[in-house]
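Student: As a plain string of letters, each chain reads:
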Amino acid sequence: GAVVSQHPSWVICKSGTSVKIECRSLDFQATTMFWYRQFPKQSLMLMATSNEGSKATYEQGVEKDKFLINHASLTLSTLTVTSAHPEDSSFYICSARAGVITDTQYFGPGTRLTVL
Amino acid sequence: GENVEQHPSTLSVQEGDSAVIKCTYSDSASNYFPWYKQELGKRPQLIIDIRSNVGEKKDQRIAVTLNKTAKHFSLHITETQPEDSAVYFCAASPYSSASKIIFGSGTRLSIRP
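Chains as they are written, first to last, in this note's numbering: chain A, 1 to 116; chain B, 1 to 113.
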């Protein structure tokens with residue numbers, strides 16, 4: 001089956017620093033990847049849609065200059081949280097869609113970010 | 001945009017009984033409805049999905065029904081087992097939005113022994 005990995009699985013950083021999270025599709029090429037944020041005991045909130053070779057599409061209310069997304073290849077998308085603050089502490093999950101004719105998305109294991 | 005509402009937020013059932021979770025969606029153009037199971041601290045796992053050209057789909061103890069006219073869909077789990085305890089999310093994918101998935105608020109299912 002399709003496998004999506006994320007790195008790191010958890011990260012602790014100081015307020016004001018930037019953190020990069022990687023999302024990789026291991027055994028398929030992902031034309032589209034999605035980034036979600038999940039606060040404790042809440043649902044997954046879509047942050048942005050990442051398309052290989054083009055700019056990401058951000059959901060309403062998500063600051064594109066704060067959450068930088070790069071989808072440089074068909075197997076890798078990165079999310080950089082810039083100038084992180086404690087309120088950015090959350091569980092960040094990516095998903096990947098294998099091809100343009102399938103709706104199925106495969107989720108990564110998530111990255112727990114804690115900003116001190 | 002699409003809005004997905006899910007009920008109940010918590011559900012406790014006796015082991016062996018059935019559990020039903022209901023969702024409604026707002027965008028009539030949505031055509032793909034997956035259900036995910038998420039255990040604490042882990043990734044969501046797809047357990048079943050249904051497309052808008054089908055009214056019902058079953059996979060062993062799990063079934064999903066879809067009513068396009070009323071814009072609601074439901075998850076049915078029969079003969080519940082302790083390992084069914086988790087948070088379940090319904091979702092809808094608007095056809096016109098590059099297959100992005102909008103999640104419901106989640107249902108915490110607890111199976112009582």
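No wet-lab data here; the hints were simulated from the structure.
These numbers come from a predicted model, not from an experiment.
A virtual CB, placed ideally from N, CA and C, is assigned to each residue, including glycine.
Wrong hints could be hidden among the right ones.
[Unchecked claim] Far from chain A, some chain B residues (derived; all Cβ distances over 10 Å):
#1 L11
#2 S12
#3 R43
#4 E83
[Claimed, not checked] Dumping the calculated SDA-like pairs for lysine to any residue here, alpha-carbon to alpha-carbon at most 25 Å:
#5 B:K71 - A:K55
#6 A:K41 - B:P113
#7 B:K68 - B:Y32
#8 B:K37 - A:T104
#9 B:K58 - B:P8
#10 A:K41 - B:K58
#11 A:K20 - B:R43
#12 A:K41 - B:S85
#13 A:K41 - B:H72
#14 A:K55 - B:H72
#15 B:K42 - A:H85
#16 A:K41 - B:K68
#17 B:K42 - A:K55
#18 A:K41 - B:R108
[What the hints assert, rightly or not] Computed from the model, here is a short list of chain B residues facing chain A with C-beta under 7 Å:
#19 Y32
#20 P82
#21 S93
#22 K100
#23 F103
#24 S105
#25 G106
#26 S110
Student: Each hint should be assessed against the structure and marked as holding or not.
Tutor: Verification of the supplied hints:
no.: 1; hint: L11; result: holds, 15 Å
no.: 2; hint: S12; result: holds, 16 Å
no.: 3; hint: R43; result: violated, 4 Å
no.: 4; hint: E83; result: holds, 19 Å
no.: 5; hint: B:K71 - A:K55; result: violated, 33 Å
no.: 6; hint: A:K41 - B:P113; result: holds, 24 Å
no.: 7; hint: B:K68 - B:Y32; result: holds, 11 Å
no.: 8; hint: B:K37 - A:T104; result: holds, 15 Å
no.: 9; hint: B:K58 - B:P8; result: holds, 21 Å
no.: 10; hint: A:K41 - B:K58; result: violated, 28 Å
no.: 11; hint: A:K20 - B:R43; result: holds, 19 Å
no.: 12; hint: A:K41 - B:S85; result: holds, 15 Å
no.: 13; hint: A:K41 - B:H72; result: holds, 24 Å
no.: 14; hint: A:K55 - B:H72; result: violated, 34 Å
no.: 15; hint: B:K42 - A:H85; result: holds, 24 Å
no.: 16; hint: A:K41 - B:K68; result: violated, 29 Å
no.: 17; hint: B:K42 - A:K55; result: violated, 29 Å
no.: 18; hint: A:K41 - B:R108; result: holds, 9 Å
no.: 19; hint: Y32; result: holds, 4 Å
no.: 20; hint: P82; result: violated, 21 Å
no.: 21; hint: S93; result: holds, 6 Å
no.: 22; hint: K100; result: holds, 5 Å
no.: 23; hint: F103; result: holds, 5 Å
no.: 24; hint: S105; result: holds, 5 Å
no.: 25; hint: G106; result: holds, 5 Å
no.: 26; hint: S110; result: violated, 14 Å
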